[in-house]
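*Asks:* Protein chains in written order, with the working numbering: chain A, 4 to 433; chain B, 860 to 1164; chain C, 160 to 461.
Rather than coming from a laboratory, the hints here were simulated on the basis of the structure. There's no promise every hint is true.
Residues from chain A that face chain C, not an exhaustive set, calculated with beta carbons under 10 Å [said to hold, decoys possible]:
(1) 68
(2) 245
(3) 246
(4) 397
(5) 423
We put the beta carbon where it would ideally sit given N, CA and C, even for glycine.
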Amino acid sequence: MRIYGRMAALALLSVALLTVTSLGVLAQEPVTIEWWTVASEEFDEEVQRALVEKFNSEHTDVQVNMTLLPSSGYDERMQTTLGAGQGAPDVALFWITNWYPQALDLTELIENDPDIDPDMYLPGFWNTRVVWEDKIIGLPLGVGANFVMYNKDMFDAAGVEYPDPDWTPEDYNRLVAELANAEQRVWGGDRPRGPYRAIWYNMGARLYADDSSTTEGYLNSPESVAAYQWLWDLVNTNGTPTPADLEVLGTEGTGPVDLFLADRLAMATLNQGHMLNAMAEGKNFGIVPEPHIPGNTRHVNAWSLTASIWAGTEHPEAAWKWLKYWAGPEGQRFLMENGNLIPSIPSVLEEWEGAETEYGQAFLDVLELEQVAAWDNEHPCKATVLRAVEDIWDLINLNQIAREDIPATLDGLVPAADAALQECVGRLGG
Amino acid sequence: MSQSKDLGPLIAAEAGDSRNRAITSAINGVTARRWLGYGAVYVVLTAIAIVFMIPLLWMFATSLKSRSEIFAWPPSWIPEQPLWSNYAMAFEKYPLARFMMNTSVLVIFNIIGELLAVPLIAYGFARLNFPFKRVLFILMLSTMMIPGQIKLIPLYSIYSRLGLVNTYVPLVLPAFFGNPFFIFLMVQYIRTIPRDLDEAARIDGAGTWTILYRIILPLCKPVLAVMIVFTFLWVWNDFLQPLIYLNDFYSYPISVGLAFFRGRYSVEWNLFMAATLVSILPVLVLYFFAQRHLIGGIASLGLKG
Amino acid sequence: MATATWRTAKPQARREAIEGYISLLPWMIGFVGFTAIPLAASVYLGFTQWNIIEPPQWIGLDNYVRMFTRDPLFWQALKVTLGFVALSLPLKLVFGLGLALLLNLKIPGMNFFRTVFYIPAVISGVAVSLMWMWLLQPDTGVVNTMLYFLGIQGPNWFWDPNWALPSVAMMSVWKVGGSAVIYLAGLQNIPAHLYEAAQIDGAGRWARFWRITLPLLTPTLFFQLIIEMIDSFKVFTEAFVITQGGPLKATYFYLLYFYEEAFQNFNMGYASALALVLTIIILLATVFVNYTSKRWVFYESE
Chain A
4 MRIYGRMAAL
14 ALLSVALLTV
24 TSLGVLAQEP
34 VTIEWWTVAS
44 EEFDEEVQRA
54 LVEKFNSEHT
64 DVQVNMTLLP
74 SSGYDERMQT
84 TLGAGQGAPD
94 VALFWITNWY
104 PQALDLTELI
114 ENDPDIDPDM
124 YLPGFWNTRV
134 VWEDKIIGLP
144 LGVGANFVMY
154 NKDMFDAAGV
164 EYPDPDWTPE
174 DYNRLVAELA
184 NAEQRVWGGD
194 RPRGPYRAIW
204 YNMGARLYAD
214 DSSTTEGYLN
224 SPESVAAYQW
234 LWDLVNTNGT
244 PTPADLEVLG
254 TEGTGPVDLF
264 LADRLAMATL
274 NQGHMLNAMA
284 EGKNFGIVPE
294 PHIPGNTRHV
304 NAWSLTASIW
314 AGTEHPEAAW
324 KWLKYWAGPE
334 GQRFLMENGN
344 LIPSIPSVLE
354 EWEGAETEYG
364 QAFLDVLELE
374 QVAAWDNEHP
384 CKATVLRAVE
394 DIWDLINLNQ
404 IAREDIPATL
414 DGLVPAADAA
424 LQECVGRLGG
Chain B
860 MSQSKDLGPL
870 IAAEAGDSRN
880 RAITSAINGV
890 TARRWLGYGA
900 VYVVLTAIAI
910 VFMIPLLWMF
920 ATSLKSRSEI
930 FAWPPSWIPE
940 QPLWSNYAMA
950 FEKYPLARFM
960 MNTSVLVIFN
970 IIGELLAVPL
980 IAYGFARLNF
990 PFKRVLFILM
1000 LSTMMIPGQI
1010 KLIPLYSIYS
1020 RLGLVNTYVP
1030 LVLPAFFGNP
1040 FFIFLMVQYI
1050 RTIPRDLDEA
1060 ARIDGAGTWT
1070 ILYRIILPLC
1080 KPVLAVMIVF
1090 TFLWVWNDFL
1100 QPLIYLNDFY
1110 SYPISVGLAF
1120 FRGRYSVEWN
1130 LFMAATLVSI
1140 LPVLVLYFFA
1150 QRHLIGGIAS
1160 LGLKG
Chain C
160 MATATWRTAK
170 PQARREAIEG
180 YISLLPWMIG
190 FVGFTAIPLA
200 ASVYLGFTQW
210 NIIEPPQWIG
220 LDNYVRMFTR
230 DPLFWQALKV
240 TLGFVALSLP
250 LKLVFGLGLA
260 LLLNLKIPGM
270 NFFRTVFYIP
280 AVISGVAVSL
290 MWMWLLQPDT
300 GVVNTMLYFL
310 GIQGPNWFWD
320 PNWALPSVAM
330 MSVWKVGGSA
340 VIYLAGLQNI
350 PAHLYEAAQI
360 DGAGRWARFW
370 RITLPLLTPT
380 LFFQLIIEMI
390 DSFKVFTEAF
400 VITQGGPLKA
410 TYFYLLYFYE
420 EAFQNFNMGY
430 ASALALVLTI
440 IILLATVFVN
450 YTSKRWVFYE
460 SE
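This is chain A alone, in the form it adopts within the complex (with noise of 0.2 Å):
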């Protein structure tokens, strides 16, 4: 029996031996791991080329390869490899909302990673981006918000004073009325670019029911009425540049941040990315938060990057290790230094040096404000609800519609509303 209990003792230990020297193996070999991102104005090819690089030759276990998207492009390259279920990246930007299902649910990581802890995020980004049906499914990569930008030479030319950032719309709206100059071919301000974003909200109009059940008492409520009889008023001011004007060369809304650079829009809806371009082309600008109503929440339209783990990866861990550093305040101090970023981590966001100019310490207030949670991709059915109440956003930019004939066109798009909520909640969930 002696003889087999030495043999068993042997066996195991040559099992385990073999094991321990597979392992070792198996660590240096290092875990290749596929990270898309695209360009932009905050990182640009070579920044995030030397991150990688950064990375790489910092890690032997994990090596990242980039695979850099255009990104008018981005969208239908993930859908498509996500709705095939294949050749996803382990690593990448799930900015859709409709993709997080896909994303890792990355709670377990963080709470055994002493690297990585919630509190070190802008709460508001962390809760509005990254949280989802009580998961944890990326973490979010740098700062962005919409906000007036103002041109402060057509201001003085103009001789009329700043906008105060405790303006109302209907200041905007005066304001847009002395600015402009016909002749010239001169705007005061631009128009919102779709109804129920910041403004809207500001003036306390929603589009539906919290609970995604009816339009009704919420589409044409009083304060959408309103909102909408102020769209109306600006687009009377005959100060605003018409859609025509604004997307000659501008598709994809790009025409506002072209006139504003061409000094022929003195206000315009911006946001981080167009105040680099500004800066870069020497402008003379200020920034307010878009206006609101006294004693009504402001709201902002704020959004970060959601830089998350595919849930099919086949390497969660090195996945995890190449993401916390991307989007964890190494990558994001990085970015920032070498890039243009705008980090979504207080503590690097103190070292900005953007934080120092009068237009970066307004931005950083614009960050402070409610942020309207269903920005354009939030809620895929707001869109759908959007889709079908089009119309009075038409007729109104068209010029084709009394002002008193506003609530009753309202009262009359309800049903279609309805039915469209109903459509897209019994299909996405609300």
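Position chains B and C relative to chain A; hints supplied.
*Replies:* Just chains B and C, lined up with the frame of chain A:
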């Protein structure tokens, strides 16, 4: 020949171009009217040409402007100070030459594929008889009617299973199966070639394939030229397929490369236009040289029935 | 039927059939391997609800019931698309042919003109859309400026609900340089002896066009009709980049709706059903054109 000579410079002196002779002799005699007629043709052509040139000129002007001048009012045609450096900057920013080389590789393989597959398939549909021919033909046409985007995900799934993602195979292989557009075009073309030719060759002992490659194909030169020109154009401009299948930045074709000039928030229009302009030049140059082959075929053979 | 003829067929016919299938082999491999499967997949998906990310759920005919009974956007998209086909198809056919006839003249400098007329076909995507927006801008665009000098107040083009669709049609006509190339190839196949014979009979230019050029070009015309029809039904990029379907859904094309459902609304099941219905509509139209073609398409070889 002598006839074309006395018609002056207006008529291409192509030997044996009997059709030319037919047209020209029709207007022979009334010299003043002839000159007037051709003068009018030039006026019309020039007028249309100007309309068609406007975009190119506009892109060219935009590519030389500074960012704010593009949007200045009143808009100008001629840049105040032409910024030729925009072109250098565009090339500096992204490896455009590399991208164009990649596209050229794709173009060559696609053209080879189409040239191998399409005549064979089209000949089968046009000349040979076999059961279910009409059904198969309609089936082939119907593949053109399906919105392409719907096939994207299943197709990706197939190539991914075959391990062909991040290779040029998914971008080249379909050409070797024949593009339905070209097959249809060539079928229509072959059907207008008199069957007497086939019969004569068959009596001389030629087999089916000999007839295709010795008799039919040489007569299809214009349609082959169309195929080359269109394949070049389509592959050059195709954005979605390479976007879906390629990972490696340095393997991207020019269509994907151009998209990098459009940022997430704004577009550097002057650089974008400079890059676009440079990228379409090869297509126009190819067309300029290919088009002489569009003119030819049976008409120039002066074939007598 | 087919098998019966097969068995009773003469060896020669049988050999021809085998050769026929051999010639079709490349296409058949491609079809079975790379088209049939995606096609079957999308037919299946048409009976499901699929948000792309999670597994599809079978819902039977629901998508189709919704489409035909309670989806105003489907009908709007269909109406707009049919209107576009009716408007742009004749224009494209006539202008394409006219341009080709012009380009077929053998006069010096024609190589240059042929290249210039091909330019619009070469510039694609975003650049061409931008160019049109710039040309048709109501206040500052070239077109309205020219109209202004003629004493005409130009319309708002893309930004006017009544003019948006004609504007998109105009854009597509401008691209006929591409189809002119195909007409040009077709023109080369008209035997010269026919013109000579007609001339001996004393036929004038106009008569020659009607009695020779047009009849002998019918196979090309037939091709163009089918291809341009498919293209018109599938109009997308212009609306996607320029009008986004507006204003007031005047350019809300079928494929735009399809695209929104598939990739923005994450309703791939419904989008698949939409795609299938469009395919069937185009197929029916094609079969109809094919049916009439026996009366007006003339093949020299048959």
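*Asks:* Does the closest beta carbon of chain C sit nearer than 10 Å to the beta carbon of residue 397 of chain A?
*Replies:* holds, 5 Å
*Asks:* Residue 245 of chain A was flagged as interface toward chain C. Is the shortest Cβ-Cβ separation under 10 Å?
*Replies:* Given a least distance of 7 Å, the restraint on residue 245 of chain A holds.
*Asks:* Holds or violated: is the Cβ of residue 68 of chain A closer than 10 Å to a Cβ in chain C?
*Replies:* Since chain C brings no Cβ nearer than about 24 Å to residue 68 of chain A, farther than 10 Å, the hint is violated.
*Asks:* If you take the shortest Cβ to Cβ gap from residue 423 of chain A to chain C, is it below 10 Å?
*Replies:* At 9 Å from the nearest chain C Cβ, residue 423 of chain A passes the 10 Å test, so the hint holds.
*Asks:* Does the interface hint hold: is residue 246 of chain A within less than 10 Å of chain C, judged Cβ to Cβ?
*Replies:* holds, 6 Å
Taken one by one, the earlier hints fail for this structure only at number 1.
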